[in-house]
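Novice: Residues per chain, in single letters:
Protein chains: 4
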Amino acid sequence: MIIVMQPEAREAEIAAVEAKIRSHGLEVHVSRGTERTLIGAVGDERRLDPEMFDPMPGVERSMHILKPYKLVAREWHKASSVVDAGGVPIGGADVQVIAGPCSVETVPQMDTAAAGVAAAGARLMRGGAFKPRTSPYAFQGKGVEGLTMLKDAAKGHGLPIVTELMDVRMLDTFLEHEVDVIQIGTRNMQNFDLLKEVGTVDVPVVLKRGMSATISEWLMAAEYIAAGGNHRIILCERGIRTYETAYRNVLDVTAVAVLKKETHLPVIVDPSHAGGKAWMVPALSCAAVAAGADGLLIEVHPCPAEAWCDADQALAIDEFAALMDRLDAIARAIGRRVDRRVATSVTPAAPIAPDAKEAA
Amino acid sequence: MIIVMQPEAREAEIAAVEAKIRSHGLEVHVSRGTERTLIGAVGDERRLDPEMFDPMPGVERSMHILKPYKLVAREWHKASSVVDAGGVPIGGADVQVIAGPCSVETVPQMDTAAAGVAAAGARLMRGGAFKPRTSPYAFQGKGVEGLTMLKDAAKGHGLPIVTELMDVRMLDTFLEHEVDVIQIGTRNMQNFDLLKEVGTVDVPVVLKRGMSATISEWLMAAEYIAAGGNHRIILCERGIRTYETAYRNVLDVTAVAVLKKETHLPVIVDPSHAGGKAWMVPALSCAAVAAGADGLLIEVHPCPAEAWCDADQALAIDEFAALMDRLDAIARAIGRRVDRRVATSVTPAAPIAPDAKEAA
Amino acid sequence: MIIVMQPEAREAEIAAVEAKIRSHGLEVHVSRGTERTLIGAVGDERRLDPEMFDPMPGVERSMHILKPYKLVAREWHKASSVVDAGGVPIGGADVQVIAGPCSVETVPQMDTAAAGVAAAGARLMRGGAFKPRTSPYAFQGKGVEGLTMLKDAAKGHGLPIVTELMDVRMLDTFLEHEVDVIQIGTRNMQNFDLLKEVGTVDVPVVLKRGMSATISEWLMAAEYIAAGGNHRIILCERGIRTYETAYRNVLDVTAVAVLKKETHLPVIVDPSHAGGKAWMVPALSCAAVAAGADGLLIEVHPCPAEAWCDADQALAIDEFAALMDRLDAIARAIGRRVDRRVATSVTPAAPIAPDAKEAA
Amino acid sequence: MIIVMQPEAREAEIAAVEAKIRSHGLEVHVSRGTERTLIGAVGDERRLDPEMFDPMPGVERSMHILKPYKLVAREWHKASSVVDAGGVPIGGADVQVIAGPCSVETVPQMDTAAAGVAAAGARLMRGGAFKPRTSPYAFQGKGVEGLTMLKDAAKGHGLPIVTELMDVRMLDTFLEHEVDVIQIGTRNMQNFDLLKEVGTVDVPVVLKRGMSATISEWLMAAEYIAAGGNHRIILCERGIRTYETAYRNVLDVTAVAVLKKETHLPVIVDPSHAGGKAWMVPALSCAAVAAGADGLLIEVHPCPAEAWCDADQALAIDEFAALMDRLDAIARAIGRRVDRRVATSVTPAAPIAPDAKEAA
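Protein chains in written order, with the numbering used here: chain Y, 15 to 374; chain C, 15 to 374; chain E, 15 to 374; chain X, 15 to 374.
A couple of the hints might just be wrong.
One copy or two, either will do: identical chains are not told apart, so a pair holds if it fits within one copy or between any two.
To be verified - Simulated pairs of lysine-lysine, DSS-like, Cα-Cα distance not exceeding 25 Å: (1) LYS275 / LYS84; (2) LYS92 / LYS291; (3) LYS291 / LYS274; (4) LYS275 / LYS34; (5) LYS291 / LYS34; (6) LYS291 / LYS81; (7) LYS81 / LYS92; (8) LYS275 / LYS169; (9) LYS291 / LYS84; (10) LYS275 / LYS291.
Just so you know, the hints here were simulated from the structure itself, not pulled from any lab data.
Note that the structure is a prediction, hence the values are computed from the model and not measured.
Start from the sequences and build out the full structure, keeping to the hints where you can.
Specialist: Below you can see the structure in the form of structure tokens.
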């Protein structure tokens, strides 16, 4: 950490800053420039925080030199982590696609969806049983009954399931229903009690980016989960909020490139929520894979116009199947491929990337 | 709701839209313009949603005419609501100030803070026992012990308390500790399960704006609480996230003016989190009161530089006392005053605005 | 245009709105709903503006139904426009790459750059002679001398040139120096006098998106140029400003997909300014082509670390050559290819897309 | 400037950075920490830029310690500057109000407006002769004829005029028409050629903030003007662009407080463009004065509903007069007052703040 002193800072003020640094067990390095004196704290600067120094007399500002995250940082864990998601490796050589409807509605809807996405090559199935809705008057999801419907439909086609956990009190129920991957939604990215709880279980977590979360905040949210002992974390970019009103969110492909450098965790993209319209999904999906995403989370519905929520962003099954072909071509252009092996059992697949191993 | 058809929409597509509107119990009004056909849905449009129509063939886009909130809307409840916060009326003629430290630390710290803010004229005391921290390694608050410390210190000076609830499982504990006002923090503004729970109790709620929440989303979050039966809601603007990096957030005074028009609920402002620096607090506090805020939520600490969190944004007690004088002058310039009656008991004060009444 | 009346609007107020619509030559269509009366203006609504109606008594708000742009809208010009940029077709079947240094520095630098980018397959060369710099103390470009250096270097390798015009008084000089494509920079996207002037010449214009311009504002800026008679417009997405601080801008690939639907004009992407770091350029370039961009504008420098401006975002020539191979693979995955025909003369190339034709 | 080296940076890479610093005439100070080596550049760091070091091998990132602006910085010019605007002191003890219509329309409109705003106590008059409009089809202003109309109307009531310059070629015309204060609009804040030109004349400049400009970019734009020799600069906050759609812009009162600390230049606020609706103007004006603004720029029209542009944001004359009373009360609450001396001549008023002096 560097503390920048004000131009007229007095010696006693400089000494007080030095003393505070030393009281936290770090060493001090002073540099007297022509316009400012800088005080460097040498040691584990994660014990310090700018707010410790900024209010002190004579201090202009202070700043961290190191990033605040550690367990999730590639700096400390060079190899990419591959997360085993119900037998499907995410973060390895292959691009994985998770697909399914926004919300669980009926048994026939779920069966048709499961059959369709499996046939098109998706390796996991998504579906919301608990729905975070802006309006208290909107459909809130089928609840526990929906978990059963999702699990049954997906199991019939050999697909592990991904579904959103909103309320910490439902975690046990998720485990009882054998949810393969727990999704933390964008509105709960900084619901720290929820993060702490999913940090204690041995189930992979898809952590969606908050709708205006910085990369640093997002990785710190992942750090909460990892600090609890659960390292099976998959980051999911889903578009950020900006001033633009012509579309719902702006898909941030730069984040994909930056995350692959900053963290060893897998990064997937949700193109459906990013754009908010089905016709945008193919272009955004292709862009995500081209930018280096390890997977996609795509909304697919047997009959989009009749969907109970987010109807205008779901792909029909035939549209999804056509997209899978195009995505595979994009993946191959950058030396990867879309994993479309038809699941024949629920036995975990053999690792695809021989040299990749899950974060321990 | 208005559905705008595409230029080449066919008659069958128009008919399908009409049928869908009627199936929800509304009537249809068609207007054929020179470039577009518009279909109006006449009736309670809250039963409809753009996503029902946008994916239909021939539809260009659809849009609500009415606002989505109802219980919290001034359109349906003309008189301003005055919320009784532990005997202190918020939303009436007087401006109320809530003050105290960011986090509960020690018994002496809390006693000194309570004495100081009460003497300066604050009518309620704030303090965090459970702290939402970006880093899992940062101080997370004193927890339940902190609730006791806060309540004891405040009670000694006749101050009702305001403190943040993060985890739905702690609600009963909050009630047992006689928390007078429950605060929902910025990161939980769309934690819908939490909103539903505080909607079931008879305790006032301060609902902070999400760090990039729109006015509409914020009022819909309040609608969640109201829909549960709890109408004792106080909105708190605390700065929004923008592209600017010279300060932490941008205090949105326009929101204050807009909310006073859109909703009957009281609106207060947190100038401490908005700017992030103690030296900005006086200017932002004055601006908030001048813009029409019904109250302020200010961080005050006996010794800011030693505070365990947000040290650089807390006012010292003497700074706070000086600010209270200035705020009262600003309030009087617009025909209000800052309520600084020294609390002599915990008996609810007589209503100040005779014609104001709390939302039922 | 739709005018929404307030719930208690009186008949006289409704009549006044109707009269105002008719006074502009449009017809009126009134729809009386259960909660609001809506007044539709039937006819060419571009003669009307919300600000004409919003201040009238009894009006709640008013809104356009149609988009404000016309000449650049795909609605009125279905076929994609192909712009002839010094003999290179932009907007046709092939993806075109424009490359070169941020600023013109020296004759050897320009010659090496021109040779390198031509050999790697770029069809046009970029280079700044006039530089918009945040600081008045920073290098402001070589000026007119730089135009000559750029033209000479590029001509030697059969490359048309693209360079930025900042000052309306320099337009004649640009024409004299045979600038093949005029670039309007992000800070001048709404410099309307400059737009009007380049609208009067017969030279293609690359119009960069303002750093926080909406799609609508951007297309209206293009409409300014088209309204002057110059339809040879190429839109260039270069990243937008958001709250994120981990990188300079957020490359908005959603904009590419939306623009291809909204306008017939070609859309290219500048991945160098978007991310601000050379190591991000490959991922962003691939994402842009995968999303449907018609071309790229990439900064390439013979020795990036020695560049006089934006040194940290330029690719070295060998990095650029490697990227070109990958881009071509991505383009082929979506049925296109990168046009890398070595230019043998300055004779305009034959059109590649037989059915495409330039906007007249 | 501090250069942070990568964890594995080699000695030769450290030496190369040191050599580069020394080659620019600064000294080097190296600090070897436990996780990173830091290299400090001691001397006038304005000669250096992060982009000089970031692309060098072994460098992680580099950052300025000092602010990039100098002439406009309070650090180097402690006393607040008072700018003489046609005889009216801006930036002194009194708050000044500039008022008038959005655009110059007719002689009677201007005369009525001038009489009204002067009677209400405005000391300067605004009015646009050249209008920056998003659409090429919208009214573009009366042009030179409008300048004459504005000057004549204002002169009749002893009011200096403020009007926007868009095109550098019109500067001489502005001088011939005795424009007292030149306004640079939000879209031209980084039109560097325009800034350079107004830097050469001896006329005060109101520099509006770009619609998504940072404080630093804004002060650097002012630095452009000052670097040309013209120190008579008035900064004008006018709302910034955010994600919020319930109002046009977010008035950034935090900017007012921050600017008063960072620069010695006067800061005024345009509440009309900030909110975009007349009913918001009083609340925003009060907030601005309470936050410490030195003046306001308010749109006033004899008949707002008939205004040719921005009709929904102009105050009527009686509304403006009522607001002036309220503003004066707010100003007095913080120890200032609104200067409402009726102008009896065009002779410059005596300085109000005896100790204030204009920036030389």
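Novice: Return the numbers of the hints above that this structure violates; sort them in rising order.
Specialist: 4, 8
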